[in-house]
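Engineer: Read off the chains here:
Protein chains: 2
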Amino acid sequence: MSVTAARGFTASGLIAGLKPSGKKDLALVVNTGPADAVAAVYTSNRCKANPVLWSEKASANGRARAVVLNSGGANCYTGDFGYETTTLTAETTARLLGDVDPGDVLVCSTGLIGVGGQDFRDRIIDNLPQLVSTAAADDAGGVDAAEAIMTTDTVAKTSVRTGDGGYTVGGMAKGAGMLAPGLATMLVVLTTDAAVDAAGLDAALRGATSQSFDRLDTDGCMSTNDTVILMGSGASEVTPDADEFSAIVKDVCLDLMHQLHVDAEGAHHDIAITTQGAASEAEAVMVSRSVGRSNLFKAAIFGEDPNWGRVVAQVGTTSAEFDPANIDVTINGVRVCQASGPDADPELVTFERTVDVVIDLNVGDASATIWTSDLTHDYVEENSAYST
Amino acid sequence: MSVTAARGFTASGLIAGLKPSGKKDLALVVNTGPADAVAAVYTSNRCKANPVLWSEKASANGRARAVVLNSGGANCYTGDFGYETTTLTAETTARLLGDVDPGDVLVCSTGLIGVGGQDFRDRIIDNLPQLVSTAAADDAGGVDAAEAIMTTDTVAKTSVRTGDGGYTVGGMAKGAGMLAPGLATMLVVLTTDAAVDAAGLDAALRGATSQSFDRLDTDGCMSTNDTVILMGSGASEVTPDADEFSAIVKDVCLDLMHQLHVDAEGAHHDIAITTQGAASEAEAVMVSRSVGRSNLFKAAIFGEDPNWGRVVAQVGTTSAEFDPANIDVTINGVRVCQASGPDADPELVTFERTVDVVIDLNVGDASATIWTSDLTHDYVEENSAYST
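Just so you know, the protein sequences line up as chains A and B, in that order.
Here the UniProt record's numbering is used: position 328 in the first sequence is 328, and no number is missing along the way.
Here the UniProt record's numbering is used: position 313 in the second sequence is 313, and no number is missing along the way.
Bound-form chain A, shown alone (with noise of 0.2 Å):
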């Protein structure tokens, strides 16, 4: 399933040799059209990894044909050697799979910073063509593809939905930490046959990761190599609508964000906020963000205390719009905190893996859920000891 679910595209998985892991570490996915649409959505951070500066300039044409992607090391701030090894990534891709252009090969790195040497370039380039050459369009493909960009993933994400008439979505992502705003430590590829161009698969995706990848936000940082592709081969020969185009590229986003938030880094619990009767949406996602960020609140929800006042006192540092003695807090369904003062006895919330958040600024009818992490041993222990 995963990236060659739809039809129009083959993919491959290898081990490289960039993981001490020795698990494989670089994969591809390739559109073998007959279109060869593409829309893409990047992370928000000034400070960008190499691939991401190259996949930028070469997707702003809305067309691409295949996406090399490793996970042995971001090639972010290793300067103009990393930028080099980018291109040069390109453009053996595309001279072994014939009549492509470099400049419509997409590459992605996920790993450490700072890692992207001759070593690094030596091991990619070198396996490029047993990469193209075992492309397939069967599951295999995309199963190996999907297992080569993990990082501190302990699963595969993929998803597949199927639309009317016929046509797929289907995609695959990796992301375990560094997941927030502007998307997250995350890579994402997703592809379809529907006969879309690249205006609608970008109109399509940018709905789509707004309301989904945008509002995970486990530990607050922010990537600098996060991207999110979907690629149009047109092969099901289906034009669909586009709003029923836009809610199967949305649930599929969804799916995979869901399944990136349960296999958060270090997470003990997978916390989802959600803000109601606020003014508009997103002041309802400003409140629900800050308050996924409050390493106290989630400190708490680690310890399973329902402390209600943590919740409260940061919404308090926003600029939403709410009268500070009238704030509701729900808490796995009892509602511990009432016009901002205690209500139910916080004794009486059971606690299991999924935590529910709920708060009400009764002010409006907007409302929207930011998912989040609670802060654990093993989170402080992953991100400690990881590059050394």
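If you're looking for bench data, these hints aren't it; they were derived computationally from the structure.
Bear in mind that the values here come from a model prediction, so they are computed numbers and not experimental data.
No residue lacks a Cβ here, since even glycine has one placed at the ideal position from N, Cα and C.
Among these hints, one or two may not hold up.
[As the list claims (entries may be wrong)] Chain B residues, not near chain A, derived (Cβ > 12 Å throughout):
#1 T32
#2 V100
#3 N127
#4 S210
#5 D270
#6 A339
[To be verified] Examples of chain B residues toward chain A, derived with CB under 7 Å:
#7 N45
#8 C47
#9 G114
#10 Q118
#11 C221
#12 T224
#13 S294
#14 L296
#15 A299
#16 V312
#17 G316
#18 T317
#19 G341
#20 V380
Model the placement of chain B on the given structure of chain A, informed by the hints.
Structural biologist: Quick look at chain B alone, frame taken from chain A:
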């Protein structure tokens, strides 16, 4: 020392039984005059605790004769009953002091949010007679008060400086977590016997806090109770030069801020993040604060990992003026990143308790330092088990 170092002040501290630990938890500082000038800075959190709501109004006229502080509950989000407890505290204290208006008694609370019921009120009110009757101008009174405002602090924080002509500025502080912008979970009472009116105190205090407490950001969380009060008795009959007075007040604030920093909850490293070469001081603060709030960076420092990539990635999330390809990062004197790429071998960086990170944006002459803490297992432990 502490708040009784300056002439014209008495202080006391006692065990009111608010804290399960049985330690001192109720404090008083009285300005015996001749002047009764006051200036104060409060949390910018919009969801403020009851004592803050009261004291903001009470101090607005620039006069105060006393401050009552407790460390056994925040009296925050406790509704009308909580506000009545605050007014009752001020009224009772005013009556016991004699010839004092209740509006000239400020109130501060710290501890758990939501704590402030009948028992909390009774223990405070019942102990006010002894608190007032034992207030003394000697060192012991100042020390008792400084000890009685501690929560998770491991040591009492006091500071004293003397100005030209023989006037004194002294103070006490508490706060060990939730130390973030617009102050911290921090109560500070400063006293001076300089002959400075309320406007002069206010100018000196705002200048000092903006350069000291406002730049301490241990965990990004803003408290609901933060209060910094500066009372002037005029008892020295010295009218200081305004600039010299401001410098002395700032010096005391910086000293107390550093004492708060090194006692921050769960910290293993005291981190100073200086951004230099910035276009403005505000942008230098923005960049340093952003890095100081990155959980990935804070966890890396806990692991003594000079992970400069996480620094540059965080700089990229800000709107400050810089060239993404020309950022330098120096950690403990070793320039590990030059022009946004690797420089000296990170293995050369050695770690002690104090960590200095210097970010050079290479675009201007402005600089600023933010002080923060690393993200440790102890932080997670303290804040996940705090209220349960």
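Engineer: It remains to establish, for every hint, whether it holds in the given structure.
Structural biologist: Quick rundown of the hints versus the structure:
Even its closest Cβ contact with chain A, about 36 Å, leaves B:T32 beyond 12 Å, as expected for a residue assigned away from the interface. With a cut of 12 Å on Cβ distances, B:V100 stays outside the contact zone with chain A, its closest approach being about 29 Å. Distance to chain A confirms B:N127 as a non-interface residue, since its nearest Cβ pair spans about 24 Å, more than 12 Å. Its beta-carbon lying about 18 Å from the closest one in chain A, B:S210 satisfies the requirement of being farther than 12 Å from that chain.
Every beta carbon of chain A lies more than 12 Å from that of B:D270, the smallest distance being close to 16 Å; the non-interface claim holds. Some Cβ of chain A comes within 12 Å of the Cβ of B:A339; the nearest lies about 7 Å off, and the non-interface call is violated. Restraint check, B:N45 versus chain A: the minimum CB separation of about 4 Å is within 7 Å; hint holds. The interface hint given for B:C47 holds, since its Cβ lies 3 Å from the closest Cβ of chain A, which is under the 7 Å cut-off.
Interface restraint check for B:G114: the shortest CB-CB distance to chain A comes to about 5 Å, inside 7 Å, so the restraint holds. Because the beta carbon of B:Q118 sits about 13 Å from the nearest beta carbon in chain A, more than 7 Å, this interface hint is broken. Among the interface hints, the one on B:C221 holds; its C-beta lies about 5 Å from the nearest C-beta in chain A, closer than the 7 Å criterion. Residue-level restraint check for B:T224 holds (minimum Cβ-Cβ distance to chain A is 5 Å; threshold 7 Å).
With 7 Å as the threshold, the beta carbon of B:S294 comes within range of chain A, its nearest partner Cβ sitting at about 6 Å, so the hint holds. Given hint, B:L296 at the interface with chain A, holds; its Cβ is 5 Å from that chain's nearest Cβ, closer than 7 Å. With a least beta-carbon distance of about 4 Å to chain A, the hint placing B:A299 at the interface is held under the 7 Å criterion. Checking B:V312 against chain A by beta carbon gives a least distance of about 5 Å; that is within 7 Å, so the hint holds.
Hint status for B:G316 relative to chain A: holds, with the closest Cβ pair at about 3 Å, below 7 Å. The beta carbon of B:T317 comes within 5 Å of a beta carbon in chain A, closer than 7 Å, and the hint placing it at the interface holds. The beta carbon of B:G341 comes within 4 Å of a beta carbon in chain A, closer than 7 Å, and the hint placing it at the interface holds. Because the closest C-beta pair between B:V380 and chain A is about 5 Å apart, less than 7 Å, the hint holds.
Comparing the model with each numbered hint stated earlier shows that hints 6 and 10 do not hold.
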